[in-house]
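K.L.:
So the chains spell out like this:
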Amino acid sequence: MNCDEAQVLLHGYMDGELDVANALDFERHLNGCPPCQNAYQTQGRLRSAIKSEATYFSAPAQLRERIRSALPRPAPTKQAPQRSFWIWPSFAAALAASVLLTALLTLRLAEPADETRLAQDVIGGHVRSLMVDHLSDVASTDQHTVKPWFNGKLDFSPPVVDLSAQGFPLAGGRLDFLDGRPVAALVYRHRQHVINVFVWPAETSREAAARELSKQGYHVVHWQAAGMKFWAVSDLNATELAEFAKLLSARLH
Amino acid sequence: MVSDASKASEFERVAMPHLDAAYNLARWLTRNNHDAQDIVQEAYLRAFRFFDGFRGDDARAWLMAIVRNTCYSWLQQRRASPLAYDAEDTAEAIDGSATMERTDDDPAALLAHRDERQALARALEAVPLEFREILILRELEELSYKQIAAIADIPIGTVMSRLARGRKMLAETIKRMTQGATK
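Taken in order, these protein sequences are the chains called A and B.
This note's numbering numbers the first residue of the first sequence as 1 and each following residue consecutively.
This note's numbering numbers the first residue of the second sequence as 1 and each following residue consecutively.
Because the hints were derived from the structure by calculation, they are not lab data.
Careful, some of the hints might be misleading.
Residues from chain A that face chain B, not an exhaustive set, calculated with beta carbons under 10 angstroms [to be verified]:
(1) A39
(2) Q43
(3) A139
(4) D142
Predicted, not measured: the structure shown is a model, and the values here were computed from it.
From the three backbone atoms N, C-alpha and C, an ideal C-beta is built for every residue, glycine too.
Using the sequences and the hints, build the whole thing.
P.N.:
See the structure below:
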């Protein structure tokens, strides 16, 4: 072992992180090498100085509160009184009826409820990206930079198109989490407005026409094409956002 | 299905005890209080979104990795306009903690102690980011090389060599500073 090696291993030794063989080798070198003994003592002193004197910054109380209030609050417990309005002659009939009722309700409610929940999440993702000033992990106006950035970060490759000629320049991309999975978020700009487009693979390859929603002053357009789901969200007005969606999906084919 | 609210309370139970560690890391990496707070908040919201995928038993290391990554993307975005390094902010924070801990000491000792802390903090803040983070994780969080390797996404051997270089840089900086002061 030479001194260069020893002066690195010294740290593992001091931190109790060396295996027995390396520790013995190091001790053997240390015993016969005054310069390394010197270094060992200096580092030991430095280490105890840091431990006792380096400031440990504790989190300010308001940070705790800020995070707490940004997390979903416990909702007021939903009152769902399971009172039966029906008196059926037999339990079997009641059961059959409730199964039928559940099936009907599920059929009627499933789609809009899912859509509303997802729209809420999409808007949440959009607001967070602006609030914490974290729009993009890869900031680039070049689709050939943004697209490869997602390689290895996602199990799919999102289509990235540039619409700057149409007035919607690409600003970058980042990872987000929606619908229970990591998704690609593409960031476009239009004048002073930011458009987040969330993209992830669809379960089916069928195409779905664009649907528009508005909530809390944000507009959302979502559609399905080229085997992917697209959810675009912005504070841009509904007409221009729809126009953007149309331009984007035209370029996917 | 777990509701958002019960997910949130479970998340708070797991993540909130590590808030000081998260803030301390972000504070040392960014070197200013304001950015550190924003970063930790963002990192915690990210962690919450990925909380379903957290299966490990080392919540602290998991959170620290997210805080670190958030710091890096933050710093990257600001490369054009470097983070405001706020020496006054650090001095104030250190004053606060030094005074709190040493209320019964005589003023002279307090002053010397404060100077020592300030000098060490300045030296530590001058160590380049990739070495500084390893020093903080090791000396202040007392994490193992293995945990640090996982957080910083580097091999264990690299943890040791970065510690070696980081500690060396720190020792040299302190030496330069004390020589400068006695001149």
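K.L.:
The structure should be examined with respect to each hint, and the outcome stated for every one.
P.N.:
Hints and how they fare:
1. Taking 10 angstroms as the C-beta contact cut-off toward chain B, the hint placing A39 (chain A) at the interface holds, the least distance being around 9 angstroms.
2. Because the smallest distance between the Cβ of Q43 (chain A) and any Cβ of chain B comes to about 6 angstroms, under 10 angstroms, the interface hint for this residue holds.
3. Hint on A139 (chain A) holds. Least Cβ distance to chain B is approximately 6 angstroms, under the 10 angstroms limit.
4. With its C-beta approaching chain B no nearer than about 17 angstroms, D142 (chain A) sits outside the 10 angstroms limit, and its interface hint is violated.
In this structure, only the earlier hint numbered 4 is contradicted, and the remaining ones agree with it.
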